[in-house]
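In terms of full-length UniProt numbering, the sequence shown opens at residue 1 and continues consecutively.
Careful, some of the hints might be misleading.
Unchecked claim - Subject to a maximum C-alpha distance of 25 Å in a straight line, what follows is the list of computed BS3-like cross-link-like pairs (lysine-lysine):
| no. | residue 1 | residue 2 |
| --- | --- | --- |
| 1 | K10 | K50 |
| 2 | K108 | K10 |
| 3 | K177 | K203 |
| 4 | K203 | K263 |
| 5 | K203 | K152 |
| 6 | K177 | K50 |
| 7 | K108 | K177 |
| 8 | K177 | K152 |
| 9 | K263 | K184 |
Said to hold, decoys possible - Each pair of labels, with its calculated beta carbon distance range:
| no. | residue 1 | residue 2 | range |
| --- | --- | --- | --- |
| 10 | G99 | Q234 | 17 to 27 Å |
| 11 | Q234 | W100 | 13 to 23 Å |
| 12 | D34 | E98 | 14 to 24 Å |
| 13 | E153 | R9 | 21 to 31 Å |
| 14 | R143 | I266 | 29 to 39 Å |
| 15 | A80 | G46 | 17 to 27 Å |
| 16 | P6 | K203 | 14 to 24 Å |
| 17 | G66 | A142 | 21 to 31 Å |
| 18 | E173 | R9 | 17 to 27 Å |
| 19 | N168 | L265 | 26 to 36 Å |
Just so you know, these hints were derived from the structure itself, not from any lab.
Each residue gets a CB set at the ideal place from its N, CA and C atoms; glycine is no exception.
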Amino acid sequence: MKHYSPELRKVEVTRYVTPLREGGSLPAIVEADDEFLYVLKFRGAGQGIKALMAEIIAGELARVLGLRMPELVFAHLDEAFGRTEPDEEIQDLLRFSEGWNLGLHYLKGAITFDALVNSVDPLLASQIVWLDCLITNVDRTARNTNMLMWHKELWLIDHGAAFYFHHNWPNIEEQAKRPFVQIKDHVLLPVASELEAVDAAFKALLTSEIIRTIVGLIPEDWLTGVDSPFGTAQAHRDAYIQFLETRLQHSHIFVTEANHARKALI
1 MKHYSPELRK VEVTRYVTPL REGGSLPAIV EADDEFLYVL KFRGAGQGIK
51 ALMAEIIAGE LARVLGLRMP ELVFAHLDEA FGRTEPDEEI QDLLRFSEGW
101 NLGLHYLKGA ITFDALVNSV DPLLASQIVW LDCLITNVDR TARNTNMLMW
151 HKELWLIDHG AAFYFHHNWP NIEEQAKRPF VQIKDHVLLP VASELEAVDA
201 AFKALLTSEI IRTIVGLIPE DWLTGVDSPF GTAQAHRDAY IQFLETRLQH
251 SHIFVTEANH ARKALI
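Please construct the entire structure, taking both the sequences and the accompanying hints into account.
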């Protein structure tokens, strides 16, 4: 594992370039004051801040595990930014997203991963399948792979649909021990033949300290929003930490489910 730096840079959004209307939450390409382009995920979008929290946790877990992820940054949107935007839908989105949002470094020239065209070796496929089982990511299917090919390498994007249970926060312990049955639709599952080896290696990397550090990146005001079921930001963080630590302790459950689903496919 390369050195993991547990900190996200902060940038100021300076220019709205274009909306990405293929995304359900209407993300956009923007330019920031560091002169880089970012895909901006808005806090005021339909899935709200919970999708941004999922992006941070999932994205940084992927980075710790050595998978390729565009850099994540906190991107600040000034209150006056959307006043000149002629599209009313976008203007509303900008207005509801004032403050800190989440940006992913824009991979210019990247193309969508296509399983019929792009091959992935079994180890990498197993690593991605294992991660998606851990974070309960329902959104890596053939219809919507959420992976890009950039400079002949595979990059992971868009994890806002992970941790889907946090939209309701049922019993954390029970959720953490559940098999991830949706893995049967994962675009890389047919190739993922090394899940047991990946399970042992990745569990060794994801220490309690690493998990707490990643969850600690979430801004406090995101955790104490109007729809938070927890009394404090720390209680909210602890719920994510408990889920991940319990799920890692019982990873054989989701690995077994993935292997059974794979055998049914091949």
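Outcome of the hint check:
1. Between K10 and K50 the alpha-carbon distance is near 19 Å, which keeps this suggested pair within the 25 Å criterion.
2. Simply put, K108 and K10 have alpha-carbon atoms about 21 Å apart, close enough for the 25 Å limit, and the pair holds.
3. Taking the CA atoms of K177 and K203, the gap is about 15 Å. The hint holds against a cut of 25 Å.
4. The straight-line distance between the Cα atoms of K203 and K263 is roughly 24 Å, inside the 25 Å bound, and the hint therefore holds.
5. Among the hinted pairs, K203 with K152 is inconsistent with the structure: their alpha-carbon atoms are about 28 Å apart, more than 25 Å.
6. For the hint pairing K177 with K50, the CA-to-CA distance comes to about 21 Å; that is within 25 Å, so the pair holds.
7. Pair hint K108 plus K177 does not hold up; C-alpha atoms about 39 Å apart against a cutoff of 25 Å.
8. For the proposed pair K177 and K152, the alpha carbon gap of about 36 Å is over 25 Å, so the pair is violated.
9. For the given pair, K263 sits about 10 Å from K184 by alpha-carbon distance, which is consistent with the 25 Å threshold.
10. For G99 paired with Q234, a C-beta distance near 21 Å keeps the hint of 17 to 27 Å intact.
11. At roughly 19 Å, the beta carbons of Q234 and W100 sit within the given window of 13 to 23 Å.
12. Separated by about 20 Å at the C-beta atoms, D34 and E98 satisfy the suggested range of 14 to 24 Å.
13. For the pair E153 and R9, the beta carbons lie near 22 Å from each other, so the given range of 21 to 31 Å is met.
14. The supplied range of 29 to 39 Å is broken by R143 and I266, whose beta-carbon atoms lie about 20 Å from each other.
15. For A80 and G46, the Cβ-Cβ distance of about 24 Å falls inside the hinted range of 17 to 27 Å, so the restraint holds.
16. Look at P6 against K203: about 19 Å separates their beta carbons, and that is inside 14 to 24 Å.
17. Checked against the hint of 21 to 31 Å, the C-beta distance between G66 and A142 comes to roughly 25 Å, which is consistent with it.
18. Checked against the given bound of 17 to 27 Å, the beta carbons of E173 and R9, roughly 35 Å apart, lie outside it.
19. The beta-carbon spacing between N168 and L265, approximately 30 Å, falls within the hinted interval of 26 to 36 Å.
In terms of the numbered hints stated before, the structure departs from hints 5, 7, 8, 14, 18, listed from lowest to highest.
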